[in-house]
Amino acid sequence: MKKFSLLSIIITAALLLSACAAPAPTAAPAETAAPETPATEAPVATEAPVATEAPVEEITLVVWDQFYRDVESQVMETLNAEFAAAHPGVKIERVVKTLDDLKVTLKLALSEEDGPDVAQVNQGRSDMGAMVEAGLLLPLNDFAATYNWSERFSASVASRNSFTEDGKTFGSGNLYGVSPTAEVVGVYYNKTLFEANGWAVPTTFDEFEALLATIKAAGVTPISFGSLDGWNAIHEFSAVQHLLVSLDYINNFVYGVNNVSFDTAENQEAARVMQDWVDKGYFTEGFPGIGYDDSNKTFKAGEGAMTITGSWLTGELLTDTDQEFGFFLLPGNPDQTRLAIGGVGVPFSIRKGTAHADLAAEYLDWMISPRAAELWAGVGMLPAMPMAEGAAVEVDPLFTDTMVAWNTINNENAVGHYIDWATPTFYDSIVAELQKLFGKMTDPAAFTAAVQVDYAAFLAGNQ
Amino acid sequence: MKIQQRWPGESRFKGWFYLLPGLAIYLVFIFFPILSTIRNSFYKWNGFSGTREFIQLDNYARLLGDAQFIKALTNNFIFIIFYSIIPILIGLMLASLLGRKPIRGMTFFRTGLFLPQILSMVVVGVTWRWIFNPTFGLLNTGLRAVGLDSLTRPWLGDFQMALPSVGAIGTWVMYGFCMVLFLAGMQRIPEDQYEAAQLDGAGGFRQFLHVTLPNLRAELGVALVTTVIAALRVFDLVYVTTRGGPGDSTLVTGFLVYRSAFQQNQLGYASAVATVMTILIFVISLVILRFQSRQEA
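Protein chains in written order, with the working numbering: chain U, 1 to 463; chain A, 1001 to 1297.
Same shape as in the complex, but just chain U (with noise of 0.2 Å):
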């Protein structure tokens, strides 16, 4: 008996020890986490053109992606199908993975001779930053410049895909990736519910306060939403918080620059709001003891008015469902900013050591080009590059919605961040003090000082 107990001790202590001694895959951000179902079948009926046995040289493209699901991969293969066809010689080996594998294993496959030429670098510190830091990723700035990039994207797009030579500055240095797809966060309604009430689409805060108001009168609840897997809360205080920063705020503290603090005004008037909506009732009922996914059952199911996410819930939104649906970005005050949560996706970069550089930057042109924009919107996904004029994409207007909400804050220069790309710990801080608030354990006052402790802590370590 003695025996086998101390034997399972031994054991037990084993396993939690080599828990932690190798690395594992990083859980993926949040924002990343959510399911994209695709908004409608693939259009893609394009033939892979036979391989040309030409005599010319032969070159292997070797790239990684993370598109994994279905029609996100043939997006891919159609892509790649057709930019193999347009260069004789040129073979393209794709290697498909997770994002959490990807993450995991390029960091080592980036510092190999023969690892692969391009591959899909995920955002922020921990990762770019990182890989930038090791002098294991090719600075893009002179192809941004022959392919004319700045065309396809705002600068603030390019930021989110930029770090200087060190790793150590987020947001500004050298372009190290581009990105394909776009996000962004506003405000999805129930058309349905709206059109059987008479509700309008607010067009500024104060409208949207009052709208919901009018939904609670109603016995409708107002903004449907759950607070148990913590990240999301993010989203609704960030959401109201990016209408009364202005971008060189939120820019300078995600990218760590320039010493803010969370600790401000316009950040207190939002964690107000917070409390405000919890005690006027406006989320669902119980809401801290809700999941993201049940919470959007719920509203798809016709229950609630409105709910605060970003655009990867579209696809979702737009099966199964008898309710119809649309999107608007919260609307601020004429003296508001009108910014919005927003970003693009996992971007593509070039390994610093690849044989095949010029090649491999005409791919990433190939990837961020009109048809590939094309071809994303037809699967109802963003694209981060305008599409051609004239591109005739069969869409549902739930889609045209986001699709009009990224173009505008594009446009305007008005994309914000996911905040907890600020630190490597905020995420984890920030969800923490949030269901402090929503919980009404805390104030706001208490809850951005609570928050500036980590933010101030991360920019001492980083000087």
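Everything hinted at is true.
Covered stretches of chain U, going by a simulated chain A footprint (3 or more residues, C-beta under 8 Å): (1) 222-236; (2) 288-294; (3) 427-434.
Just so you know, the hints here were simulated from the structure itself, not pulled from any lab data. Bear in mind that the values here come from a model prediction, so they are computed numbers and not experimental data. Glycine residues also receive a C-beta, built at the ideal position from the N, C-alpha and C atoms.
For this one, chain U is given, so just place chain A on it according to the hints.
This is chain A only, laid out in the frame that chain U set:
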């Protein structure tokens, strides 16, 4: 009597070679990772970069002053109540109900009550998340159905109730294991001990106290060690249900290790937490076993 163990001419070291594969697996997958974890705990390292900074015991010093670690450790000890003490009590009760006399459908009860133990913790967690769901969950719906609306709450998101709620899931998982363990032990107890006790005038409860309980000492030791270890290293259940929230009210050290190592790129610090927990589990288990064997002597 000495038994011939070897064939003539056979090497006396042959037996050791049979151990090699197992030993190799043990060394590669358990022993070296342990050593490397302990080593990592003396470094400031993000887990992937080529450089790491030797900082001696700084990670351990930081741990002592880390309010989150203290909070997580406290929660782990509270979990002992839910993972260990309550399941053992329930297990004892069920075992004495089911174990003394053969009853109809015994296999059914034994299997049914043991079932939670064999389910994957992720499945358990997801299922209980539904049960606890404030809008359509079984618990709140049931409370409303019997008019107890005032008792409904967002269980897993409630600052007071989240920890007991997650703990209750642990109880549900562990009690079946304790019960089966005790049932097996009770089958070993000679019937004449009960008869003797009966002749001396002992009722059912006194029989339980003076015959059943002392005879189950070995099983109690195993149950205690296993469940206490489970309480101290709980991770999956918290990961699936609350991720340590709301705030840090269900934070446990296992989750802290995961978060520091893989989300915050602080592998050195995470290793220090893991090392401390391993030593703690080791010591507590030894104390329990020591206590048990001294009583036996």
